[in-house]
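What follows is the residue order along each chain.
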Amino acid sequence: MQWFARRQSAPGGGARRVLAIGIDGVPYSFAMRQIAEGRMPNLARIFQAGTVRPLNSSWPFVSSVAWSSFMTGCNPGKHNIYGFVDRRLNTYDVFLPNSSTMKREPIWCELSKAGKEVVVMNVPVTYPPRQVNGLMVSCFLSPSLEKATYPKELAGRLQQMGYKIDADAAIARRNKDDFMKELHHVLERRAAVMFELMDSEPWDFFMSHIMETDRLHHFFWEYMENNDPYWAPQFYDFYEKVDTILGQVWERVDENTTLVILSDHGFCTVRKEVYLNTWLRENGWLSTEPAPGKPPSIASITPATRAYSMDPGRVFINLRGREPRGSVEPGADYERVRQQLSDELLELRDPDTGEKMVQRVYKREEIYHGENYQNAPDLVISPTTGYAFKGAMDREHLTYKGDVLIGEHTFDDALLYVSGHDIVKSTLTMEDVVPAVYNLMRVPQPDGLDGALVISA
Amino acid sequence: MSRGFTLWFTGLSGAGKTTIGEIVEQTIRERGNKVEMLDGDVVRTHLSKGLGFSREDRDTNILRIGWVCEVLTRNDVVAIATAISPYRQAREQVRANIPAFVEVYIATSLEECARRDVKGLYKKAISGEIPSFTGVSDPYEPPASAEIVVQTEGRTPEESAGDIVSWLEAHGYLTPAPKAAPEPAPVAVAVPVSSAPSSSSAYSEEEEAEVSKRLEDLGYM
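In the order they appear, the protein sequences are chains A and B. For what it's worth, our numbering labels the leading residue of the first sequence as 1, then goes sequentially. For what it's worth, our numbering labels the leading residue of the second sequence as 1001, then goes sequentially.
Hint data in this document are derived by calculation from the structure and do not stem from the laboratory. As the structure is a computational prediction, the values presented were derived from the model and not from experiment. Be careful, since some hints might not be right.
[Said to hold, decoys possible] Heads up, simulated DSS-like pairs for lysine-lysine below, C-alpha to C-alpha not over 27 Å straight-line: (1) K181/A with K164/A; (2) K176/A with K401/A; (3) K1049/B with K1124/B; (4) K1213/B with K181/A; (5) K147/A with K181/A; (6) K152/A with K164/A; (7) K113/A with K152/A; (8) K1049/B with K1119/B; (9) K241/A with K181/A; (10) K401/A with K181/A; (11) K1123/B with K1049/B; (12) K152/A with K1213/B; (13) K1213/B with K401/A; (14) K164/A with K1213/B; (15) K294/A with K1213/B; (16) K147/A with K1213/B; (17) K1213/B with K176/A; (18) K164/A with K241/A; (19) K113/A with K147/A; (20) K401/A with K356/A; (21) K401/A with K294/A.
Assemble the whole structure, with the sequences as input and the hints as a guide.
Have a look at this one:
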C-alpha cells in the first residue's frame, strides 16, 4: 500500500511485539472455574504470568459489534457497526454490515501505516479483507475462502491446509454429534494454520481468533450447565483442546512479546427466545402489509407503525423524515413515544413465569456518541439474563424455548488478559484494549479513541 | 433542489482541491442548487485574517470554515470547503457538527504536488524560506474514512470532478442530470481510502444470501 513506511527496527533494540488471541464468548467466570477445577493447566500457567480481569461487552452484545469496538478502540457511534444485520438509514433496506461499512480504522491498518508487520486471522467483521502490511484472513462473514484473504494468493495455501472459515452451524440443526466433530475439526485446522503463519511469517502484531468456543456455547452450553452426562464431558474435552493450543501459543511468547487474550461477551443458558416484533404488533406499535404470499418484514412496514425491532433488542422508532413511511414526528413526539415504549418494555413479562424479561432500556444517547450516531437504534434493550431478544417478524408467539440454540450471550463477564503487566482499571470495556496495544508497540494511537490505557508500564 | 450538505475537500497544497472543487460547484449549481464555496486561501483574507500557521491557528481556521458550512448546510445550501485541513481531529470536529458531511480526500502525492508546484511554494518550503509548510515541515494527516478519495495523477480535473458528482448522485445527495444522450461509462470511480471495497459491492446477491443463511443458523438473524 502506498503509504506504508519501510520497516524500521525499534529504537534501543528489542522489537516490541504483541500476540493477541481472541476466544469468542469465553466467560471470565467460566475460565476461572476451569482453572480452579484443574481442567485448563496451560491457561492457569499463562494467567499467573500477567493480569486477567472481567471485561464488559458492547451494546448490543454480539460479536460483530464487540469486536468492532475492540479493533477500532471506539464505540459504535464512531465505528458504525451496530449488529450482524442493519437497515440502511432513510430506507427499510436490510444489509449485512462488514469491514467496508466500518468507519474507523482497525488497529492493524494503523499499525500497517506505522510500518509494522501484521498477521490477522479470523477476527469478526474483517470481511472484505483489508490491505495490510502483512497477511489478513477474514472471518465467517466471508462468502468463500477465495475471497477471504489478503493477499489473494494466501487462500490457496490455506486451502491446502484444510482451513475452514467457520464450522457449519447447519450441521448442528441436523445432528449435534456431527457438529461436535465439525467443531474439533475446524479448530484443529485453524490452529495448524495459525502456528504455520506464526512461525513462518514476519510479524510485529499477530492476532488469531478462535470462533469455535462461541459456536460450542450456542449449541451445548445448557448441557454443560446442567452437567448432562453425555454432553458435559464432551464440552470439557473441547476446552482441553483449546487449552493445549493456548499452551502452544505460550511457548512462542518470548521476552519481546506481550500476550493478550480476550473474549467479547459472556455466556448463559437460553431461558427463552423473545420475539419482540410479535409483541410490538400485538400492542399496536407495529403494522406490516407484506406482499401476497410473502412473510412480514421491515420492508413491509406501514405508516401505522411507531416502532420495530432488529436483532438483538435494538428498537427503531418509525420516524418521519428518516424512515420512508415514518409517522412519528421528530422532537417532542419522538421523545414521548420513546419514553412510553421504554416504560412498557420494562413491564414485559415471561408469559409462563411472570418474570420481567427486560432489566433496562437504554436511549441511544446514553450509550453511543460520534459521527455515525445517526445510524444508531433509538432504544437498546438490556435483557434479564437468558432472554434472547430476536428480530424475526413472522413469529406467532412472543417467546420460544427450543433445543437447538441453548446458549446465549451476556453483556458482562467477558475477559481480558495481558502478560507481564498490571491492568489498572476495574471496569473494562472492549474499547479499552487497543490503547494498550499501541502503547506496548510504541505506536502513537490515532485521535479520538474512546478506550483508556489500562495497563501499567 | 437537493437538501443542503457539506462537501469538504482536504489534501496537500497544490493537490487540486480548488480546481476540482470549482468544477463540482459549477455542476451542482447547474442542477438548480444553491451552492457556496469556501476556499482556504480566500478565507484567510477575511474570515480568518490574521491567523497564522501554528497548529492552533490552523485548527481555528478550519473550525471557522466548518461553522460557516454548518450554517449554510442547515439552510439547504450546498457548502464546498477547499482547505488543506491537515489535522484529522479538526476535520472530525467539523464532521461531528454537520449531519450531511462528505469528506473528499484529494490524494495527490507529495512528490506530485512538489513537481507541479503551481504556486511556487514547495520550492520555497524546501529551501526553508517558508517555515511550517504542510507536507514538508508540517504534518498532514490523511483521512481515515473519507467518503470519497480522488486519485488525480494521470487524470484531468474534469474526470476527478465527474467521479465526485457520480458519488453524490449514487448516494442521493444530488439529483442526476436528465440524460440527453447515452454517456460513456466512467473511466474510474472514486475509491474509499481504505482499499476496502464499498459496502454495496462487499457481497453479490448470492453471497449475501449465503452469509445470511449462516447467520440464521447461528440465531443471529
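*Taking each numbered hint in turn, which are not upheld by the structure, reported in ascending numerical order?*
The structure breaks none of the hints.
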